[in-house]
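All the letters of the sequence shown, read from the start, carry residue numbers 1 to 446 under our numbering.
Hints may contain errors.
What the hints assert, rightly or not - Derived Cβ-Cβ restraints for the label pairs, each shown as a range:
(1) Glu195 <-> Asn439: 50 to 58 Å
(2) Glu36 <-> Gly164: 19 to 27 Å
(3) Leu249 <-> Lys432: 30 to 38 Å
(4) Glu41 <-> Asp273: 54 to 62 Å
(5) Asp165 <-> Gly337: 49 to 57 Å
(6) Asp433 <-> Glu342: 35 to 43 Å
(7) Asp183 <-> Asp248: 38 to 46 Å
(8) Glu36 <-> Glu356: 44 to 52 Å
(9) Glu36 <-> Asn260: 38 to 46 Å
(10) Ile324 <-> Asn415: 25 to 33 Å
(11) Asp248 <-> Glu41: 53 to 61 Å
(12) Lys270 <-> Gly164: 28 to 36 Å
Don't read these hints as lab results, they were simulated from the structure.
Glycine residues also receive a C-beta, built at the ideal position from the N, C-alpha and C atoms.
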Amino acid sequence: MIELESNIAKYELANMYIDGEGIDKNYDKAFELSKELAKKEYSSGINLLGYCYEKGIGTDANEQKAFESYQKAADLGNSQGINNLGWCYDSGIGTDSNKKKAFKLYQIAANLGNSYGLNNLGCFHDGGIETAVNKQKAFGLFKEASSLGNELAQYNLALMYESGDGTKKNVDQAIYWYKKSADHGCQDAQNKLKEFLKEINPQEIYNWLLNNQNSLNSIYLLGYFYYHGIETKIDKKKAFELIKKAADLEHNVAQCDLANMYMDGEGVEKNYDKSFEMSEKLAKKEIISGMNKLGYCFDNGYGTNVNKEKAFELYQKAAILGNIKAQCNLALMYKNGEGVEENHDMAFEISKKLAEENHPSGMSLLGYFYNIGIGTDVNYQKAFELYKIAAISGDCLAQYNLALMYEYGNGVEINTNQAIYWYEKSANQGDKDAQNKLNKLEFLKE
């Protein structure tokens, strides 16, 4: 397991060197790490090596070697390798173009739940490549890939909602998925979103809503725009009003957001009782995030008496259904022996599983356990690696803990500038401890 964790960390580090996330881009180091992982028969590393050869990252571009690496990763059952091998046949990279083989490989990758395989298969059905044109099938594949966070599929799904191909035309959903794709960096989606927002200013949306009061997604979406300041000034009060309106009409996502806004006092005065009531309502409807939020209320006594056993039950139920936050909360309860008998080994195993699935919050928690020796020996170097990966992915707590390690030199050399950098990242997300640290360290910045 230690070797597996090491491989995961090296794989993430190689990607960081390619993308320049948190560290300077270094294609040579990315290539060397990929080669090292490939020698260990680590399938994701082999696939990444193929990508380096395809794009000329840290080495001369070599389509033949890219094809061979993708083939090897595919033979080991790596879903991304299978998809990339399909892409080689699709585009004639390192081999003759063969759409039939590409179609079959995309099918295999899609069946394994690979988001790129699902998206590429959707493109084949959409365009009638090696199969009859089937817009409805394409729509379903794009939608499934979009739910997995694939920015290309999110863009394609938005296109279908905009045009009405394969589904009923729905401009609200088109904007929603363009926004999702744009947030992941898709330039085409960003351009589309700008086009929509230029055509529809907030006042026009208001006017439209007056005649479409039962369009829940539209009401919620407008509240979302005001909350995040999309093409308008951030207005948490207006966001609250619109989100509450959608929540009152039984929009589940709006109800989840409303519970959070009452909890945090955003756009409205803090009201733990109402946050508890909304969370309880969601939990009764079997909404997973509502179960976790209700558990959090019982855990901390928000709107109800503290009941650690009830909190544990709710966290466990939501965790079994796949809620990541609930799984982290469950691990902490095992660590602290709250609501359940203390079990550090169980806490460690839960966090390790989340980290292996590349969930930032799981990596952050696993880093914390390595940092203080919960369910394992203290390992500052491992803690540092995990914190850094999670911090780059935006985890607020990991950013704070990474800054602590830079400040005190645990697992890394003391670096005050890096400590300040990560405290700033965490403070910008609202972490008060990070802000306090920042106030003390700012005068030391070079």
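Output the numbers, in ascending order, of every earlier hint that fails for this structure.
The structure breaks hints 1, 2, 6, 7, 8 and 12; every other hint is satisfied.
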